[in-house]
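*Asks:* Residue strings, one per chain:
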Amino acid sequence: MALDVAGRRWALLAMAACLLPLLLQLPLQIALAIAALGVAISTLSWRRPLPGWLRFLLAGAVILLVLTMSRYSIGRDTGCALLAAMLAIKPSETTRLRDARSLVGFALFGPFATFLLDQGPLSLTLALIGVTFALLALQRFADTESGLPVTGVSPWRATLSVWRLIAIGLPLALAAFWLFPRVGSPLWGVPERSLARPGLSDEMSPGGWLDLMSDDSPALRVRFSGAEPQPSQMYWRGPVLWNFDGRTWTQPSWMRGLPPAEAPRAAAVWDYEMEIEPTDRRQLVALDLPTAAPDGTRLSGDYGLYAERPLSALTRWRVRSSPPAAFEPRLNVLLRQSALRLPEGYNPRTLALARQWRSDAGSDDAAIVQRALRWIRADFAYTLETPLPGRNAVDEFLFEQKAGYCEHFSSSFVVLMRAAGIPARVVTGYVGGYRNPIGNYWIVRRQDAHAWAEVWLQGRGWVRVDPTAAVAPERIYDTLDDRAAALVDLRPVWNTGDWLRRGWNDLVLGFDATRQERMLRSFGVARLKAGDLVAMFALLAVLALGWMAWLIAHSERERDPLLRAWRRLGSRYARYGLQREPHEPACDWAERVARQRPQNGEALLALTRRFAESRYAVADDRQQRRDLVRALKAHRP
Amino acid sequence: MAGARRQTLWRRLQAWARPRTPEALPVAFDRKRVYVLPTRFGMFFALLIVAMGLGALNYNNNPALLLALLLAGAAMASLITAHLQLSGLVIEALSAEPVAAGEPLLLKLRAGARDGRRRLGLSVRHGDAVARLSLDGSDEAVLPVPTERRGWLDLDRIRISTLRPLGLATAWAWLWPEQALLVYPAPETQGPPLPTELGDSGAARLNPAGDDVHHLRNYRRGDPQRAVAWKPSARRDTLLVREYEQPRSAEVVLDWQRLAPLAYEPRIRRLAHWIDQAERENRRYQLRLPGQPALGPAQGAAHRHACLRALALLPHIDGA
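If you're matching them up, the sequences are chains B and F in order. Position one of the first sequence corresponds to residue 17 (my numbering), numbered consecutively onward. Position one of the second sequence corresponds to residue 3 (my numbering), numbered consecutively onward.
It is possible that part of the hints are untrue.
[What the hints assert, rightly or not] Simulated DEER-style distance windows between Cβ atoms: (1) GLN227/F to HIS599/B: 34 to 40 Å; (2) LYS34/F to LEU73/B: 39 to 45 Å; (3) ASP604/B to ALA229/F: 40 to 46 Å; (4) ARG631/B to LEU11/F: 41 to 47 Å; (5) PRO28/F to PRO601/B: 20 to 26 Å; (6) GLY104/F to PRO601/B: 45 to 51 Å; (7) ARG159/F to PRO601/B: 35 to 41 Å; (8) ASP604/B to LYS34/F: 32 to 38 Å; (9) ARG114/B to ARG159/F: 25 to 31 Å; (10) ARG588/B to PRO28/F: 21 to 27 Å; (11) TRP179/B to LEU11/F: 53 to 59 Å; (12) ALA551/B to TRP12/F: 34 to 40 Å; (13) ARG114/B to THR191/F: 40 to 46 Å; (14) PRO601/B to VAL144/F: 15 to 21 Å.
Hints in this document: simulated from the structure, not taken from any laboratory. All C-beta atoms in this analysis are idealised placements derived from N, C-alpha and C, irrespective of residue type, glycine included.
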């Protein structure tokens, strides 16, 4: 069946709307190329389809182009780009209704592919718009096929009817979503790039963190049950860096194999649930220090928390932490050596200074730590504007610039301590958090990434020292409140936005096999076999379908309560064969009924008169109308 | 072979579909007689959704899964909507003006609904003819039904269907009206003029009034155009018709017996032709058929209908 011009326009519009969210996620170059291609081909083939050989050539060229632009890496990104490109050249052969329908059908993969790359609010909104346009196009095609375009339906009404279909389908979709059996692990392929954004890395080199510290998107959301620590005590401990090569701090790989060190705890205990945004790494963060590893994670020797699989999707963890009374009070020789190792031939001035301090202090390690902190507090400044260092980065920082951020402070401090013979290590993670009063949870943003130091002191074990806090505590513990105060107060908007986002995370993004089981358990279903789940799903699907049918059948009911009551009254008489004929005026009907059923004729006549007056004659007040509706409802034949 | 087998199968399926016997109008469609099946595109769409769902489950991508499920939900809702478009529909009346065999009979269908639901995109099909059915009462669906034989025309099942809202499924219901429609015999095309020879009653009565105009009256529907008095009409702004004391022409007798040399069906066609001819010439005529009382003499639409009906209903003699 041939496609008319308006139908073609609809097909192209739906395609464009579905393609848009996907293009926004692709690399800019590729996205622009595909968009240009789509527009060019739609224009060229508007009057007649391109010849077959040309389409063939075009498809080949497009595949080659996309592969070249994505540097021959076959994977999800390239797959999505190819999908977008294929969609863009599909209009070249869209002349028949069938082509248009398949175009719209395939276009629906646009939003689908978008979700594989991004699940943010913008993508969601655009995807919904795309789906709406696709369904509108399908509706239009249905009219075309019946050969008799439906007239007199405004675009707005058409859109509403499409939304109505979606809304009516929603319960079924949700039932399926929460009950459909989930697979624990992928059936095929492992995502090569997930939705993750690089979070904390497991290394630290000069200037390497600047991107991270300007990213204000959330890294994790935390809800405490019970006691909450002070924001200044919220040190979210991540990778612990031991190895230094003069420039970069890295994590030793052997540390993961060690059992967690001995650490007797203090009285305070914090129970919390973390919702960690995807990072594609296995390292989790936790408050100083976790008491045990939650299911699916392991603790390393230095209390790093590692998941069994990379965190490629939103994950939730229940953790209990408690501050240590003493953290590894007996340090073995090997660890001690690692915590003292410095690269040969770097930072001579720092080494000299440290030796000087050591001879001044004798064996009092704590005095050296205090002296270093005093010096930093007195002479140093906090800034994010630092030049890239030369070979002796620590010397340059300590004796020339005297300004920097957490990376410089922690790194230099640890080098200074090691040079003075005190075991020390760099700890990275997040500090602080912002409490969202709506929903009562804490948000830690990537921007809150921080690095500090731990020094090992005789009798106390590892002690946290934050040299940056000595200079700029406000810079570290600062919260959104301080920042927002300067500008227009947008906090309520932001809070609500993040709260909604969290709800979406909670209900949709973070839902997996484990959570499904937990959800069912809360309904009293103890242990579910796959079969039970399918049966339950089928049952709910049938219920939802029935509900849908009822909803569609009844959603057109009369909205005016007065008319509704009046019709009900009429249908009550229908049981006695006395229904009102469509052409029969109200009063004629009442008289006819009164003749046949004189026992309640008077009442009916009076009611009918009141109804007719209220509807056609005088505009009575609300109270009277309500009374009339009640009377109509009460009347029985 | 395969085609024949498919037809047999189709007929057997048809016999199963409701309604199983012809029925009197008005007919209200209840849910038992509305059928819904996915279209080809609907199957393709289902395949798309399954592919999406598998992909989403594999990557554990919940928004993608939700998208697939939402589309599936909307598709299910569209199936139900399609069903409800038909259920509750009432076919109120069906009518057709009789036509001569060979000409299409224009079947007019009027529909209403038992509830206030919006119904769009309903189409009616009979054979190859398709028409739109709208419920606002302003227009009727008109379906041309081909006719071949004179006599009663038994209607086939009429299919009322919709592809709305998304074209994923088609919902349909059969209407099998018991109402039989009359088909007049096809008139002879190049027939001879009316018989000049008068009936066996002897000389026709002459028109006493002759050509004299008796009076003018207002135009009524069905008046022959040549009776219109154009000049007086132009003066009065309404159409006026000359009325004669009696039609001016002589009566004519159309007798079955007199056409003896002609075969059976050609005789009927000749008579039909003469009836039309007499109407055109505005003459009174009488039809005599064997074994029936003579019709007329008279003239006008009712008489013509009575005569043509009698001819149409003459028994069919096969082979003749």
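*Asks:* Which numbered hints turn out to be false for this structure?
*Replies:* Hints 2, 4, 11 and 14 not satisfied by this model.
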